[in-house]
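Each chain, written out:
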Amino acid sequence: MSTPDAVARRRFLPAQVPGGGIQLQEYALVGVVLLLILAGAVLESDDFLTSDNLLNVLRQASIVGVLAIGMTFVIATAGIDLSVGSMVAAAAIAGGQFVESGSFVFFLAALGMGILLGSVNAGAVAYGRVPPFMATLAMLLAARGIALWMSDKTPISIFELEGIRWFGNGEVLGIPSSAVVFLAITVIGWVLLNRTRYGRYVVAVGGNREAARIAGVKVRPIIFSVYVLSGICVAIAAVMLTGRLASASPLVGNLYELDAIAAVVIGGTSLAGGRATIVGTFLGVITFALIFNLLTLMGLAVEIQQITKGAIILAAVLIQRREES
Amino acid sequence: MSMKRLVLLLCALFVFGVAACGDDDDGGGEAVLTEEKGSPAQGTEGPVKIAFSTPAADHGWLKAVSDNAKQAGEDLGEEVDLTVNDSAASSAEQADQIETLLQGKPDVLVVLPFEGDALTPVAQKATDAGIPVVNVDREFSTPGAYRAWIGGDNYGIGYQAGNYFADELKCKGNVVEIQGIAGISVTELRTEGFNDAIEQRCKGGIKVVARQPADFLPDKGLTVMENILQAEDQIDGVYTHDDDMAEGVVAAIENANRQDEMFLTGAGGSNAAMDQIEEGGLYRATFLYNPVMSASAIQLANLIARGEGLTELAEPEVPSRIQVPATTVTKENVADLRDLGY
Chain A
2 MSTPDAVARR RFLPAQVPGG GIQLQEYALV GVVLLLILAG AVLESDDFLT
52 SDNLLNVLRQ ASIVGVLAIG MTFVIATAGI DLSVGSMVAA AAIAGGQFVE
102 SGSFVFFLAA LGMGILLGSV NAGAVAYGRV PPFMATLAML LAARGIALWM
152 SDKTPISIFE LEGIRWFGNG EVLGIPSSAV VFLAITVIGW VLLNRTRYGR
202 YVVAVGGNRE AARIAGVKVR PIIFSVYVLS GICVAIAAVM LTGRLASASP
252 LVGNLYELDA IAAVVIGGTS LAGGRATIVG TFLGVITFAL IFNLLTLMGL
302 AVEIQQITKG AIILAAVLIQ RREES
Chain B
6 MSMKRLVLLL CALFVFGVAA CGDDDDGGGE AVLTEEKGSP AQGTEGPVKI
56 AFSTPAADHG WLKAVSDNAK QAGEDLGEEV DLTVNDSAAS SAEQADQIET
106 LLQGKPDVLV VLPFEGDALT PVAQKATDAG IPVVNVDREF STPGAYRAWI
156 GGDNYGIGYQ AGNYFADELK CKGNVVEIQG IAGISVTELR TEGFNDAIEQ
206 RCKGGIKVVA RQPADFLPDK GLTVMENILQ AEDQIDGVYT HDDDMAEGVV
256 AAIENANRQD EMFLTGAGGS NAAMDQIEEG GLYRATFLYN PVMSASAIQL
306 ANLIARGEGL TELAEPEVPS RIQVPATTVT KENVADLRDL GY
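Protein chains in written order, with my numbering: chain A, 2 to 326; chain B, 6 to 347.
Mixed in with the good hints, there may be bad ones.
[As the list claims (entries may be wrong)] Far from chain A, by Cβ distances over 12 angstroms, these chain B residues were calculated:
no., residue
1, Met-8
2, His-64
3, Ala-94
4, Lys-177
5, Glu-204
6, Lys-225
7, Ala-319
8, Pro-321
9, Ile-327
[To be verified] Covered stretches of chain A (chain B as the covering partner; in silico rule of three or more C-beta atoms under 8 angstroms from a C-beta of chain B):
no., segment
10, 52-63
11, 251-261
Just so you know, these hints were derived from the structure itself, not from any lab.
Cβ atoms here follow ideal geometry from the backbone N, Cα and C, with glycine treated the same way.
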């Protein structure tokens, strides 16, 4: 049995080996992605392997992807955020209230709502000592209710907001803008987690809270911050989704949190906290997007997709357990 | 007497007093309602007490159901005394709410059940207690549990859509079907009707090249359609099961710039759909599954409680099944049907 001190020291190191090396989990995931691409090339070559389709996959992955990056930080502190899906709807509707005032105001309103709801989660977990599961479960219900209430259960068309629509559906040098945003957030997340003191503190808090506290890490503000971070990611995802749909709908975001959590988990981040990888999350998101794309191209029933997803999550967690012991 | 006992006695007196006073508001107090098994109060004078239970609105359609019922209550004015419960988020919750409503001894109970099967017992209970039940849309599992049913025509939506496609495409082409929630009777009937119609009319000329569910959600409609657009180079028509969900499908088609290649139909009759149909272009038609049926249900409940029938019909009593037709809404008739939009 290791002493708290040794555990803390171990946890203080970034999840990846210094220099950016990758662990077994991530190798396995790269393998899975390549396997999926191969399967797609064989089964549906005309439609799957086109640049159009692959960019499509990237674009579809970007919304849950952005949520998953934020989720990585939350899970790294041994927390969880079940409310991100509903919060996306709430943020979108909040933005929609200002549809007359232009794209920038829309964005600010969505951001404001994301940060506000994220802060409520943050306060409850960090200072209210509410277990993250309960606090964010409550927010899952509340945020959906807020979205339905503020919108009077009717979607708000944002057709005129060219800026927002570009955000969801435009292109930068041939690459979908939402994919660019996703990649940008991924890079920012990676740098934050692996190259800053903040990232190390997040992982330390998740790994061994007591040791981190004793070592001088301000535990509560760190925990507070990750939920706010999640809220910011929610706002960005909401703007992208609203842009793609050309409308702010209170019905969107259903079960996105499960997709985000699944992607984070199969990527290698430990639900118990203390170990996190942004690269893994990125690969996890791509994996699920590829599966969805391939199965829809093949015209396979949605049940097959769900079984496949479940099987992959199980396999990923089993590999993780093997690695830990 | 100790303080505690004094307080206890005062409370008891208070409760007793309230209970005694409570019986005085019978409002006009004319005909006393008899509780004969199965038969409604004949010739009731004074307002008919109607209790209406519907699931919580998480969708424009359900919200319209609730609003329409409330409007019908207002339109009937003095004739009815309507109580609406529209906050149940599950079958169990709704069953509890109905039990509570029954405590208020309504003359008629109108229910749009969260799930028909799960709420049949409580409906049966009401019927057994002499309170006639009007069942809206999702049907209970036993005919004995309700006096009358009014609902839409899911098969009819599919069938009329199939005929519409057969006409528009002249029996040749590739069609994509975007369903609602897989596995429920609504979905199965809308698919069945569509398939039957195109088979009968076109005998294989129209091919359904893709069929995927999108759970009545616009963002799901978006992603499912995006993938299907990748898979299919030539799509001539898209048949969707729901107007709200169709918004996402439309967004996917427009984002991919393929709106000239195909046309789209929805179902339900939302305002957004009617706007687009009026404009013309991608969104060509929708088929009514109109939430105004709840208003009709309130009207029926009023008639049933008074022992009256529909005056235009020869029969003396309200029919026990009324299936509302799935009217096709296209550019030609959309102006006339605008009021029914939700």
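Outcome of the hint check:
no., hint, result
1, Met-8, "38 angstroms, holds"
2, His-64, "7 angstroms, violated"
3, Ala-94, "9 angstroms, violated"
4, Lys-177, "21 angstroms, holds"
5, Glu-204, "19 angstroms, holds"
6, Lys-225, "8 angstroms, violated"
7, Ala-319, "41 angstroms, holds"
8, Pro-321, "40 angstroms, holds"
9, Ile-327, "27 angstroms, holds"
10, 52-63, "holds (count 5)"
11, 251-261, "holds (count 4)"
The structure does not agree with the numbered hints 2, 3 and 6 stated previously, though it agrees with the rest.
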